[in-house]
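Got chain A; can you put chain B on it based on the hints?
Taken in order, these protein sequences are the chains called A and B.
Its first residue numbered 6, the first sequence is counted upward by one per residue in our numbering.
Its first residue numbered 4, the second sequence is counted upward by one per residue in our numbering.
Keep in mind the hints are simulated off the structure, nothing from the lab.
Hints may be right or wrong, so weigh each one.
[As the list claims (entries may be wrong)] No more than 30 angstroms apart at the CA atoms, straight line, and that leaves these computed lysine-lysine pairs for DSBU-like:
| id | chain 1 | residue 1 | chain 2 | residue 2 |
| --- | --- | --- | --- | --- |
| 1 | A | Lys109 | A | Lys54 |
| 2 | B | Lys47 | B | Lys20 |
| 3 | A | Lys66 | B | Lys47 |
| 4 | A | Lys109 | B | Lys41 |
| 5 | A | Lys54 | B | Lys20 |
| 6 | A | Lys54 | B | Lys55 |
| 7 | A | Lys109 | B | Lys47 |
| 8 | A | Lys66 | A | Lys109 |
| 9 | B | Lys55 | B | Lys41 |
| 10 | A | Lys73 | B | Lys55 |
| 11 | B | Lys20 | B | Lys55 |
| 12 | B | Lys55 | A | Lys109 |
| 13 | B | Lys41 | B | Lys20 |
| 14 | A | Lys109 | A | Lys73 |
| 15 | A | Lys54 | A | Lys73 |
| 16 | A | Lys54 | A | Lys66 |
| 17 | A | Lys66 | B | Lys41 |
| 18 | B | Lys47 | A | Lys54 |
[As the list claims (entries may be wrong)] Quick look at which bits of chain B chain A covers, simulated, 3 or more residues with Cβ under 8 angstroms:
| id | stretch |
| --- | --- |
| 19 | 42–48 |
| 20 | 70–81 |
Fair warning: this is a prediction, and the values are worked out from it, not measured in the lab.
In this text, a Cβ means the ideal position worked out from N, Cα and C, and glycines have one as well.
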Amino acid sequence: AQSVTQPDIHITVSEGASLELRCNYSYGATPYLFWYVQSPGQGLQLLLKYFSGDTLVQGIKGFEAEFKRSQSSFNLRKPSVHWSDAAEYFCAVGPPFNAGNNRKLIWGLGTSLAVNP
Amino acid sequence: DAMVIQNPRYQVTQFGKPVTLSCSQTLNHNVMYWYQQKSSQAPKLLFHYYDKDFNNEADTPDNFQSRRPNTSFCFLDIRSPGLGDAAMYLCATSSEDRGTYEQYFGPGTRLTVT
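Chain A on its own, in the form it takes in the complex (with noise of 0.2 angstroms):
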């Protein structure tokens, strides 16, 4: 079955720490993978994705996510957390481009995110 898996329902780091988002995932191929953000009430906005080559990829707002095949994970970074990061982190994925016109995303969880002054 198609899942996505976020362990960590949530997280509180202080300001200027790392922080590492974990994502497991199992799909049948090797999919698309995305990172959203949610601040409260509003939209999810887009921090990253991998589709294909270099396995670490660089985002907005200074985040970056590694793809591990052989750990089917696609985990989250950031080397220096601020306050403003306080949100929630959804993690997706998706069938390869050339799967059709599916585009269903299978979300994770999501990790609630705290950030301590």
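Structure of chain B alone, referenced to chain A:
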């Protein structure tokens, strides 16, 4: 700036009273999606339009309908809202022209059912 716009941002309706939520986009994307998101949950896909082709998710209640009169606009109609339909409704778009399909989301409409 190109964007996805949702109106209204907040909508209050009465139990059983039809309501329409709207989404417009200036991105000229060919795919549009409607999601329902309840508190502390992941977004749940209701349906999407691939160009004019409507794709309904199997578990989307019949109470939810959608229209896409043109590329730029998409509407979500809830025919008889129940208390369980109170949620954030998110519209998203994506484009296929570069071999990728990342979705761009609007700010959402928060629906309250009284």
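Verification of the hints:
1. The hinted pair formed by Lys109(A) and Lys54(A) meets the criterion: a straight-line CA distance of about 15 angstroms does not exceed 30 angstroms.
2. At roughly 23 angstroms between alpha-carbon atoms, Lys47(B) and Lys20(B) fall within 30 angstroms of each other, so this suggested pair holds.
3. A distance of roughly 26 angstroms separates the Cα atoms of Lys66(A) and Lys47(B); the hinted pair therefore holds under the 30 angstroms criterion.
4. Restraint check: the Cα-Cα separation between Lys109(A) and Lys41(B) comes to about 18 angstroms, which is no more than 30 angstroms; the hinted pair holds.
5. Proximity of Lys54(A) to Lys20(B) is assessed by CA-CA distance (about 40 angstroms); at most 30 angstroms being required, the pair is judged violated.
6. The straight-line distance between the Cα atoms of Lys54(A) and Lys55(B) is roughly 26 angstroms, inside the 30 angstroms bound, and the hint therefore holds.
7. Under the criterion of a C-alpha separation no larger than 30 angstroms, the hint pairing Lys109(A) with Lys47(B) is consistent with the structure, at around 10 angstroms.
8. Distance restraint check for Lys66(A) and Lys109(A): the Cα-Cα separation of roughly 26 angstroms lies within the 30 angstroms cut-off, and the hinted pair is therefore satisfied.
9. Only pairs whose Cα atoms come within 30 angstroms are accepted, and Lys55(B) paired with Lys41(B) is accepted, the gap being roughly 28 angstroms.
10. Distance check on the hinted pair: Lys73(A) and Lys55(B) sit about 37 angstroms apart at the alpha-carbon level, beyond 30 angstroms; violated.
11. With a C-alpha separation of about 28 angstroms, the suggested pair Lys20(B) and Lys55(B) falls inside the 30 angstroms cut-off, and the hint holds.
12. Proximity of Lys55(B) to Lys109(A) is assessed by CA-CA distance (about 17 angstroms); at most 30 angstroms being required, the pair is judged to hold.
13. Restraint check for Lys41(B) and Lys20(B): the C-alpha separation of about 20 angstroms stays at or below 30 angstroms, so the hint holds.
14. Distance hint between Lys109(A) and Lys73(A) is fulfilled; the C-alpha atoms sit about 22 angstroms from each other, no more than 30 angstroms.
15. Note on Lys54(A) and Lys73(A): the hinted pairing holds, with a Cα-Cα distance of about 14 angstroms set against a maximum of 30 angstroms.
16. Between the alpha carbons of Lys54(A) and Lys66(A) the distance comes to roughly 14 angstroms, so the proposed pair stays at or under 30 angstroms and holds.
17. Taken as a hint, the Lys66(A) and Lys41(B) pair is honoured in the structure, with Cα atoms around 26 angstroms apart against an allowance of 30 angstroms.
18. Distance restraint check for Lys47(B) and Lys54(A): the Cα-Cα separation of roughly 20 angstroms lies within the 30 angstroms cut-off, and the hinted pair is therefore satisfied.
19. Residue count for the stretch 42–48 of chain B with a Cβ under 8 angstroms from a Cβ of chain A: 5. That meets the three needed, and the coverage hint holds.
20. Only residues whose beta carbon comes within less than 8 angstroms of a beta carbon in chain A count, and the stretch 70–81 of chain B has 0; fewer than three means the coverage is violated.
The structure is inconsistent with the numbered hints 5, 10, 20, although it conforms to all the rest.
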